[in-house]
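Asks: So you can see what is in the structure, the chains are spelled out below.
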Amino acid sequence: MTRLKINGVDEEVAAATVAQLLAARGIDPTARFLAVAVNGAVVRRAEWQQSPLSAGDAVEIVRPLQGG
Amino acid sequence: MSNDPFIVAGTTLSSRLFVGSARYPSQQVMLDAMAASGPCMVTMSIRRISLEGYAESLVDLLGDRYKILPNTAGCVTSRDAILTAELAREALGTNWIKLELIGDRDLLYPDVEQLVHAADELVRKGFIVLPYCNDDPVSCQKLADVGCAAVMPLGSLIGSGRGIANPGAIELICSRSPVPVVLDAGIGTASDAAQAMELGCDAVMVDTAIAKSHDPVRMAAAMKSAVEAGRLARLAGRIPKRTFAEPSSPQLGLVGT
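These protein sequence lines map, in sequence, to chains C and R. If you're matching positions, the first sequence starts at 1 in our numbering and goes up one per residue. If you're matching positions, the second sequence starts at 1 in our numbering and goes up one per residue.
It cannot be assumed that every hint is accurate.
Below are the SDA-like pairs computed for lysine to any residue, each with C-alpha atoms no more than 25 angstroms apart in a straight line [said to hold, decoys possible]:
#1 R:K67 x C:F33
#2 R:K67 x C:R44
#3 C:K5 x R:I49
#4 R:K142 x R:S175
#5 R:K67 x C:A31
Derived from the structure by calculation, the hints contain no laboratory data.
Work out the full structure: start from the sequences and follow the hints.
Replies: This is how it looks when you write it as structure tokens:
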């Protein structure tokens, strides 16, 4: 288990990569318009399989929503 | 309008009206309103996915029909705004960003100091930056100087519907800006949009005035007409204002003289 801050909330997740984290959270990694950042840096979609997560990492998982 | 193109960063946009995608009573009303307003771009925010409700498919719906302009709404630090812009670029595959940096949560007034800094950084990172900014010619000039593709001065406070609080300032900005001017925020009804265009703005951005009107589809059509009317009037050139009356009918041949 890895202790992460996911979208501002501290959680223990069985995930060692971004792709594993998305799967653990039930997020379809092929869904369009998703974006992920780890510790303030965007992780490109092509890197989700390899990009490692470590204890204490802050992860942002976002999508476009309505806006003005 | 093929003989009067609206060009931002070398791209010819399809109309002079930007619309938002928020605050509509339903998704269908939003889509119908957008069909009626014919926007050149539709703005969206970037948010953590846990906040998603009915809007989960909104971007799937809009992304295929309209050019999406992501915003950094709600950001109060340039660091958060820059990361939001980078996430938007990854999510939407666009390097266009409507840069918002808020300095006061009640007024939603721009924080110019951070805005110029974030704009500078984003331009260096290859973004096409359209900043929501003060109705102040100096702020607008600084934003143009760091390479913003357009400036988006506020008419009045976001969502206030108070129209253009300082028409003189907007007119000054338009007369001096080296980049297109898009009036953003404060539009309450169609005449406000027409006035913005008459003052010399190149385009208008509207969200709440359409979405929260009694009949958003009708108001969307009104905004489209108002932007076109205001633009035509601007190009035509208004008559000077006079102190006294000037008769329209001939003064010779009056009956009884």
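Asks: For each hint, tell me whether it holds in the structure or not.
Replies: Hint-by-hint comparison with the structure:
no. : hint            : result
1   : R:K67 x C:F33   : 14 angstroms, holds
2   : R:K67 x C:R44   : 22 angstroms, holds
3   : C:K5 x R:I49    : 14 angstroms, holds
4   : R:K142 x R:S175 : 15 angstroms, holds
5   : R:K67 x C:A31   : 19 angstroms, holds
When the structure is compared with the earlier hints, no violation turns up for any of them.
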